[in-house]
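> Chains V and Y are the protein sequences, given in the same order.
One point on numbering: in my numbering, the residue at position 117 of the first sequence is 117, and numbering is uninterrupted.
One point on numbering: in my numbering, the residue at position 103 of the second sequence is 103, and numbering is uninterrupted.
Treat the hints with care, as some may be off.
One side only, chain Y facing chain V, incomplete, derived with CB under 10 Å [claimed, not checked]: (1) Glu30; (2) Glu33; (3) Pro34; (4) Pro40; (5) Pro42; (6) Tyr63; (7) Thr68; (8) Lys75; (9) Ala211.
Calculated directly from the structure, the hints in this document are not laboratory data.
Don't be surprised by glycine CBs; every beta carbon is placed ideally from N, CA and C.
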Amino acid sequence: MSAAVETNPQVEVVSRIEVDRSAEGAVTIYWASALFWLTIATIAGLISSAKLHSPDFLGNIEWLTFGRIRPVHWDTAIYGFGGTAASGTLLWLQARLCQTRIPFPALLIAGGVIFNVGILLGSIGVLMGQSTGVETLELPLYAMPLLVIPYVFIVIANFKMYFTRKTSHTYVSQWYLMAVTVWFPILVLSAEACTNLGAVDGVAQAIANWWYGHNVVGLFATPTGIAAAYYLIPKVIGKPIHSYHLSLLGFWSNAIFYNWAGTHHLTGGPLPAWTITIGVVGSLMMFIPVITIGINHHMTMLGSFHHLKTSPTLRFAVMGSMIYTLSSFQGSLESLRSHQEITHFTHYTIGHVHFGMYGFFAPLMFAMMYYAMPRLTGNEWSSARLIRIHFWCTLIGMLVYAISMCYAGIRQGMMMNDPTAPFLDIVRFTVPFLWIRTLGGLILFAGTIAFLINFWRIVQPHRLRFVTPTLMTTERDYNMLLNKEKELEQNDK
Amino acid sequence: MKSDQPNPEFRRAPELQDRILEMHSAAMREMSEPRDGIRPTPVTFLILCFFFTMWGGYYIGAYGGDWTGTGMNEKAGAAAPVASAPQNPMALGAEVYNACTQCHQADGKGLAGQFPPLAASEYVTGDERRFAAILLNGINGDFVVNGQKYNSQMPAWKDNYNDEEIAAVMTYVRNSFGNKAAPVSKQVVEAVRKEVGANGPWSESSLAEFAAKK
Ligand code: HEM
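Chain V on its own, in the form it takes in the complex (with noise of 0.2 Å):
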């Protein structure tokens, strides 16, 4: 019971070193595959990106040729490192909720291990030709049980954690876990069966795979995402959620409307009328639990709007909830027949979904990692400045990126509609907004760096031991921040 464990500090400190210490190998091994498939899908993005105004970059290379790297950009962005944060996110989130150990820490890793196997093998085989050819499902389908097997240990190691847990009171993150846990296997399974697998045709087979694309979006990354966002925020400030009225509504909005959306992708595709009008609605009346969620988080963080300037952790959180509101909200919109039929088959696309991923997404799997690092490894971050320079790049190269696209996708969208414009000039009209995303990209790639060397530094046995953690401050901020809070208090008083 929560109740009983706030009354006794102590015993909660030492329910969490034990925990953390479970938890060590198997976090520390799926969040270390996150970064080292971040960087190569940011390596395959930037190869895409120069390809797409220059055409001859890396032109007589049969294993680079776009039609390759470009699905192994996808993959390597959304399984390698999309799949393996979330899934170290979900083992350590569940296991401090929970307060239990992690289960066969051993199992984790060795599952985390064949997860990274069966992306290199995955990923190899689509750069020698052998792609399936199934947007968003790409990988040769020998790779596909190297990918689902560990994920299974995850589901169960989930499942035991959440029947043996010590705390009475579940909360809203661990539903979200939950439901991760159960749809996604479903998800994989149905779309290979409608796809590569054959089970279905035509114009059922698109359906089918965009559902899926969509849907791995929805339902695995961004409740994932969503967890992180409701575990960390008032974690890090220490004030309660504001409503769980509002948790439950958003939880449930979520699961319902959702899956529906799908076939959005599909709008002016020769499917029937109907099946992207309910399209249509799923995706508009997602504006339930997006502004749900959105003002639960707004409102927690009311009045903590100060410790932006020190955490870490909070301001990736934020900047990752905040943004989720506005993905959201641009995705809703872009699903309507009159928008798409300007944006369909544009950039505008692409700037919505990196808005997304690596807005919202990305930052919170981030927050998580400077949140949780310290406590599964003992040691501290070592460099504040590099934790700025991650966090500037990502905000301003995200920006960058998102903006460049919208803005080229919609007059390429406009003069794509006026029948008199000429094609190439649609064409170099976009080249300059090709060349500033392939700036965005290297901004994130220069963030990515920074990144990687501060986690490579923490993960050393105990090279490095600070006690006081690592806050992105220096003297006079905190100076400032100390009156800040005695003017809280003097207030509170």
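Following the hints, position chain Y with the ligand against chain V.
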């Protein structure tokens, strides 16, 4: 309650406690696990949710199309007037004729020795019952058109098209490629379908028999 009891190993080795706690200074300094507040849901927001839901219902009603597996026009629902207007048979017929071009060709002249012409053919411009019978059941074997002999297969279309579509393609063929003949109503096709729709493909003689029968 279990969580009140530290792990027994931990209690057994008190001399380790300090070192472990020092190593875990991060875990010690953190705030307790997050809790839920119980503020109520804002009423204005619930009202907003209500309007979203009403809008969703409206949109599904207005843009549901005809709720079939093939209707791609989202405005073809009962509410939209376009659907109830009768289709122009020549336009519909031209659409259906796409299924015939691979054999009878886009100009209706057929391919010498393989596929008979539809242009200037008695079968097309003559008895409409016989024409409908050909389209419904298809033809097998020797067949003479305008003195030229063909020996191949004409597929049956009864399962692919409804009476309206078959009447439309007949009207279209009877008024294209230089042909000129009265349009065909869907009642004619309906009657022929009722009479012989269950039969297999025609031969030249069985077709002549059917046409003579009246
Ligand atoms: C309420 C939530 C959201 C809705 C309704 C929504 C809607 C959309 C729409 C309409 C598209 C473009 C379809 C097209 O033109 O082809 C799209 C694409 C995409 N979105 Fe979202 N979005 C939402 C949130 C997010 C979030 C939070 C993320 C990231 C975590 C995300 C990632 C993506 C991805 C990966 C694509 C793939 C596009 C492609 O390759 O064609 N979306 N979404």
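> If a hint holds in the structure, say so; if it doesn't, say that too.
Evaluation of the provided hints:
1. Glu30: holds, 7 Å
2. Glu33: holds, 7 Å
3. Pro34: Nearest chain V Cβ about 4 Å off; hint holds.
4. Pro40: holds, 6 Å
5. Pro42: holds, 7 Å
6. Tyr63: holds, 4 Å
7. Thr68: Holds, because the Cβ-Cβ distance from threonine 68 of chain Y to chain V comes to roughly 7 Å (cut-off 10 Å).
8. Lys75: This hint holds: lysine 75 of chain Y lies near chain V, its Cβ roughly 8 Å from the closest one there, short of 10 Å.
9. Ala211: violated, 40 Å
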